[in-house]
Each structure stands twice: as structure tokens, then as C-alpha cells.
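Colleague: Okay, here's what each chain looks like letter by letter:
2 protein chains.
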Amino acid sequence: MGLIVQKFGGSSVANAERVFNVASRVIDTYDAGNDVVVVVSAQGDTTDDLIEKAKEINDRASKREMDVLLSAGEQISMSLLAMAIEKLGRPVVSLTGWQAGMNTDINYSRARIKRVVGERIQLELDKRKIVIVAGFQGINKYDDITTLGRGGSDTSAVAIAAALGADLCQIYTDVRGVYTADPRIVPEATMLSEITYDEMLELASAGANVLHNRSVELAKKFNVNMEVLSSFEKVPGTIVKEENTVEKMLIRGIARDNDVARISLVNVKDAPGKAFQIFSILAKKKVNVDVILQSIGRDGNKDISFTVATNDLEVALNTLNANNSIIGAETIVHDDNVSKVSIVGAGMTADPGVAATMFEALYDADINIQMISTSEIRISVLIDRKDAEKAVKAIHKKFELHD
Amino acid sequence: MGLIVQKFGGSSVANAERVFNVASRVIDTYDAGNDVVVVVSAQGDTTDDLIEKAKEINDRASKREMDVLLSAGEQISMSLLAMAIEKLGRPVVSLTGWQAGMNTDINYSRARIKRVVGERIQLELDKRKIVIVAGFQGINKYDDITTLGRGGSDTSAVAIAAALGADLCQIYTDVRGVYTADPRIVPEATMLSEITYDEMLELASAGANVLHNRSVELAKKFNVNMEVLSSFEKVPGTIVKEENTVEKMLIRGIARDNDVARISLVNVKDAPGKAFQIFSILAKKKVNVDVILQSIGRDGNKDISFTVATNDLEVALNTLNANNSIIGAETIVHDDNVSKVSIVGAGMTADPGVAATMFEALYDADINIQMISTSEIRISVLIDRKDAEKAVKAIHKKFELHD
Chain A
1 MGLIVQKFGG SSVANAERVF NVASRVIDTY DAGNDVVVVV SAQGDTTDDL
51 IEKAKEINDR ASKREMDVLL SAGEQISMSL LAMAIEKLGR PVVSLTGWQA
101 GMNTDINYSR ARIKRVVGER IQLELDKRKI VIVAGFQGIN KYDDITTLGR
151 GGSDTSAVAI AAALGADLCQ IYTDVRGVYT ADPRIVPEAT MLSEITYDEM
201 LELASAGANV LHNRSVELAK KFNVNMEVLS SFEKVPGTIV KEENTVEKML
251 IRGIARDNDV ARISLVNVKD APGKAFQIFS ILAKKKVNVD VILQSIGRDG
301 NKDISFTVAT NDLEVALNTL NANNSIIGAE TIVHDDNVSK VSIVGAGMTA
351 DPGVAATMFE ALYDADINIQ MISTSEIRIS VLIDRKDAEK AVKAIHKKFE
401 LHD
Chain B
1 MGLIVQKFGG SSVANAERVF NVASRVIDTY DAGNDVVVVV SAQGDTTDDL
51 IEKAKEINDR ASKREMDVLL SAGEQISMSL LAMAIEKLGR PVVSLTGWQA
101 GMNTDINYSR ARIKRVVGER IQLELDKRKI VIVAGFQGIN KYDDITTLGR
151 GGSDTSAVAI AAALGADLCQ IYTDVRGVYT ADPRIVPEAT MLSEITYDEM
201 LELASAGANV LHNRSVELAK KFNVNMEVLS SFEKVPGTIV KEENTVEKML
251 IRGIARDNDV ARISLVNVKD APGKAFQIFS ILAKKKVNVD VILQSIGRDG
301 NKDISFTVAT NDLEVALNTL NANNSIIGAE TIVHDDNVSK VSIVGAGMTA
351 DPGVAATMFE ALYDADINIQ MISTSEIRIS VLIDRKDAEK AVKAIHKKFE
401 LHD
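Residue numbers (the working numbering), protein chains in the order written: chain A, 1 to 403; chain B, 1 to 403.
These are computed hints drawn from the structure, not numbers from a lab. Predicted model only: the values in this text are computed from it and were never measured. Misleading hints may appear alongside valid ones.
[As the list claims (entries may be wrong)] The following label-pair restraints were derived from C-beta to C-beta distances:
| id | chain 1 | residue 1 | chain 2 | residue 2 | range |
| --- | --- | --- | --- | --- | --- |
| 1 | B | Ala309 | A | Tyr142 | 37 to 47 Å |
| 2 | A | Glu17 | B | Asp167 | 30 to 40 Å |
| 3 | A | Asp31 | B | Ala309 | 37 to 47 Å |
| 4 | A | Ala355 | B | Glu17 | 42 to 52 Å |
| 5 | A | Asp48 | B | Phe276 | 55 to 65 Å |
A virtual CB, placed ideally from N, CA and C, is assigned to each residue, including glycine.
Next up, chain A with everything else stripped away, as it sits in the complex (with noise of 0.2 Å):
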């Protein structure tokens, strides 16, 4: 018995057989003593009707009418939700973004959680109601409403489950887990039991679409223990917490990241401060930079490449070429049919050999390596798309990760 806040994603709510078979779910949790709160999603394809709507209209509309004409698609869900468990005879409550307490910072579209004024859905849980809150949105500081792009409703049930001190978020999705490899491209790949904050951080900036690393960065920063489970299976999933209880293995997974394109600015002045420079042009922007190779520099010139997810790319492109009088590069090419495969696991900053091993996979499927970057405990290679199933593939063999 405890405070548990369950998430569920756009495709668990979207029909009415759906939202019942959600409903079901929190009851079980409910009837078991437990309190909890539940953070919901946009119903299925909600989201993309209402920005298909908007651009029939106004297709450089300002984020600000975005927010609000986006948010509009959890408060549907949300009362839906209600109104089925309504119907199976428990009390509840749903709560949209501003009345859940979910202040934000004031950039639309993205916005940043910046705390949970939590009273609201206390007051609700105090009375023993099942709490529905919408996810993706918040208020900010002018009243105003905002999203919180990406991977927004993990983040708002993080946040949440901070805030009031939960025993556990559990993020319902459509697979039953966090496993090896992505099981639509290594079938035999293996369900992970436990993994560690740090460890899933790397596999989800590492383009493992399971959980947004922005959502695990907070349930590390305030030790919330999270669970990623299936919707549909009663199986449990995977546990995301600070230390594994299980032995460290040396790979934890492999994952493919296909949002990604490589910028290469050609025969940049080697100056001091020429990187700070680039990227604080970007960073104004808000485009964020991922894997970054410096060219040795040779006749006072030097290549400066990196990455940027694709839908990114067009502002990166144009920013730097409006800059360019002060960046000073040759050229400035693109290319947007890369993939980053990585892998990640806490034991390999132990075993040298790691990067070699796959390293020789790749060269065993014959794939070309354009850039590697690493961390702690992850590697990442960029590599032609067209290779990057074949890749996961050759590594999930080669580190025996198979069931």
C-alpha cells in the first residue's frame, strides 16, 4: 500500500476499449489500497489532427497558440478516462495541467518543469479519489498554458511522483519493457528485470524510444523509482532505479537512433573559442548538438562536424549560414541518411576491450564508421543508415546478448 503513479501513453487510451482497459489497470492498483495518480496522454492520432487542423490554417503559427490548441487533446482524454472509471463505480477526479499545480518555465512548445504545487491533487487523494492529471502540459508564469514537447507526459509523471513522494512511477507503454535491443530489428533480444538511471539515460539519448531521457534525468535527480511496462500484458516490466540488485552485466543494450543528421563545417579558422563560438550560436537557437569530431587542425584550418536531430536541421543549417561572416567555415555540407547506434552498460568502463569488440563487429558486417563518441558508459558510432539494422544486429550477436 502506497502512492503510485501510473502514466499511460497516447495509444493505451486510444478508443473507448482502450480507456476502459486502462481504467481497469488503475482500479486494480486502487482496490489494492494503493493511492494513485494518474497522468494520460493525447488520445492516439489527437495530436496530429489538431497540428493537421492548425496548419490547414497558419502553418508558422506562434507555440503559444500551439500550446493551447494542443493541450485541448489531454483534457479530452483525461475526463474520458474519468468517466470510465466513473462508470465502473470509483471516485475520481481529473485535473488538467494548471489545476494539477505543473508550473513551468515560459518556453512554449518545450517547456521545463520547474516544480508541482501539489495541494490540488493531495486535497483529491485525501478524499480517496483516483486522481487524473493531464500530461505534456503546464502553466507558466504569465497564467499562460504550455507543452512540454517531447516525451512531456513521462516528465509530468516523474515530476509528479517527485513532488508528492510516490513509492513508484510506473510509465505503461506498448512494449513490456527496457530490453537489449529494439526486438522489432534483434527478435531473439533479452527483457532487462533492473536497470540503472545512468544506464537508461545513455540507451534513451542513444535513440532507445522507451522512455524520454528528459523524464529519467528527474526521477535520478529526486531517486523516484520508475517501472516501464506493458498496457495490455499483466506482466511485470522493468525496474528503473539508482543500483542494480542483480549482477552488473557488461552490455546493457544496444540502441539506433535514426533522428539524426551530421553537420560539417569545412576549413574553419583555428582559432581559440571557435567551437564556443558555433555553439553557443546554436544553443541560442535551441538546437541541441550531439556528437561533436574536431579535425586536427593543419595549415591553420580545421573540420568541425556534429550532430542535430532532422527536425532540427533545417534552423542549425540556416543559422549557421547566416553566421557564417563570423564562423568563417569553406563550406558547410550536410547529411541526413545517418544513423547513431550505441551501446551502453555500466560495466564496460571496466573492460577496455569493449569499444574493440564492437568495433570488430562492424568491421565483420563490413559498416563504415563516420564518427564515434563516448561516454561512461556508452558508445555511440555514426554510421550510414541503410547499415544501421544490419549494426545492431552484428553487435547483439557478437556481445552474446541473445536470450
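Mind docking chain B on chain A? Use the hints.
Modeller: Below, chain B without anything else, positioned relative to chain A:
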């Protein structure tokens, strides 16, 4: 130059083309130097679609959750309208009911506006922004979303006009203004250039669908000048205000109301306070009673008949039957195949022949009158529904209201 509140209904913003039509009407007013507040309803069938979604899940959903659901409709339409205005290059901001300070009482689904806290609207107007406000919705003292029920958006518009001291509150509709009779029934009906609040109130409660009487009551209370006009044609409409400057017409208009059913309590014991007892029982269930007829008692018994709105009929009958041990009627019968036909005009008080002329028109048309009710400036009759159109035509002709 002044402050103008403009309200557009759901059919006026039903699709992208119409949204742009509304945007250009708004901008015309704005570019002429006026401050503009726009109140907008949900698009076309949105509300019905949302009700359908709810029914699929729970046909007895709580009113609180229905209000959460339905209020998403205006949130969608208001942001789309804002995007259209952005596209046309004017500064704009959209506000939900709670953002706009539309404070209501606690009655979900039929809340009444208690106060409009206009600070936020004024703040945006001071920045010379066009301000769009979601109609039909507000917020109660528990910070819960409420909706205003029928005619809600008109009421929102008038309440804002009153709170901000607007110079004019324009209600855009799919007709050109207020007519002497429904032009679909009487093609020769005349459009009125002006009408008083009282006349409009009587016409509205008599079934003229052009304005809801709640909005007119509010306009009268705060002396807000209203104009009813067409969304689609740029022609002046009907001004609703305190006093007419034109000569008083004997009859201002004729209205028909099909949303009416008759209930008769047969052989009720003729005791003091009986009518009070019956109608207070119904009032507790929020059933509004309209035309009331009480027969002269005989043998210590009397019959009491009255009309209710058709969607209150079931509740009314259930309530009366459940309480009949107290009421003591021999039988409770009803007829939902009736219509109310009314004539309205401030001039009629001075002319005792008006009622006689109306009854003569009905007699000539061979129409039987079931019940009669009168006010200072209105005479209503309850007749068979099949005779209603014939009655409107006959009366319109008799009073020579044709163009």
C-alpha cells in the same frame, strides 16, 4: 473608435475558410481603431462529437467531467482563430475561461457567471492585441472548469462587455438580425432595425432562437448595447437596447417554440399552497416551468397544467410521480406534441384589442387554443404542434407585419 465585443457561434468557425472569414471581420473592426474582444464557440459539430465520445464510454458521466471535456471544444476553436489572425499579421492572444477570469457559480453544465475579472483581458488590450476568449466556459471557486449551458457563449460575450464597459456587443449569427417572424416559416417577415431588451427577452423566451434570454437579461441589467448581425454578409443587423428611437410598433414579432411539452395534474386536492408545493418540488430538480394554467376548483379538486422544456419532461414526470403521495393528483398526464406561439410588442399594452386580433387569426385558421399566457408585452398560446407554422403565418398576416 471604442471597445467592441464580437461573438461568433460554432457554425461561423466550422472550417478553415470560415475561420478566416471571421478573422477578416475581426480585423476590419480592429483596423478601424477599435479594441476588440472576440468570444468564440466550439467549431461546428465539435460539441456533439465530444458528447458522442462521452456517451460511448458513460452515458451518465458526471457533469463535472462533461464540462472538462466540452470546454476543450472552445480551446480548439479559439486557438485556430488566433492562428488565422496571426497569419493575417495582427497581434492576437487567446484566453480560456479561467484565463479570462470568467468566474461562475458551482453548478456544472449550467453555471451562471458571477463575475468577470477583466484584468488579463485589459492587459492584453492595452498591448493593442486582439483578445479571443473561449465562450460557454468559466471557472468556479474550487478552480474547476464549468460550462454555462444553452446560450452560454452569448452570455460570455455580454458579461465581458459589461465588465469592460464595452461600447457594443455584437452577436454574429447565421441570420441577418431579428425578424418579425422566422423567415423560414414566413418568407415575407421584416427585419427589425431596433428592438428593446424587454421585447427581445419576450421573443427569446417565446422561442425565437436568435438570442438566448440569459444574455439579453444580462445586457439589460448592465445596459450593454447589443447588435445581432450576420457572420456572412456585411450589413447592419438589429440593435438591442433600452429604448427604441423608432416609433413603437404594436407587434414587434412572432415566435414559435417547439421545445415545449405540457404536463397536467388531474384532480389535485384544492388546498392552499398546493401550487407552491408542486413547483418547489420541480424547482429542486432544476426544472423550469413556463405557462401555468389552474382550473377553477370543483368538488374540492382542481387541475393544474403547465409546460416544461422537452428535455426536462422525463425528469419532471419522474419527480412528480415519485412525489405524488404528497401532491395527491388522481392522474398525471402529458403531451409533448404541442407548440407555443407568441406575439411580442411593447405597443400592445396600450391596445386591448391585440389579444382579440390574435385569437381571431387563430379562429379563422381553425386552430384550437389549449392554454393562454400573457405578460405586459407578450401573448402566448399553446396549440397542437401540427398547427404551429400555420398559426405563425396567420398571425403575421393578420397584423400586417409583412415587408
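Colleague: Take the hints in turn and mark each one as holding or not.
Modeller: Going through the hints against the structure:
no.	hint	result
1	B:Ala309 <-> A:Tyr142: 37 to 47 Å	holds (42 Å)
2	A:Glu17 <-> B:Asp167: 30 to 40 Å	violated (53 Å)
3	A:Asp31 <-> B:Ala309: 37 to 47 Å	holds (41 Å)
4	A:Ala355 <-> B:Glu17: 42 to 52 Å	violated (59 Å)
5	A:Asp48 <-> B:Phe276: 55 to 65 Å	holds (57 Å)
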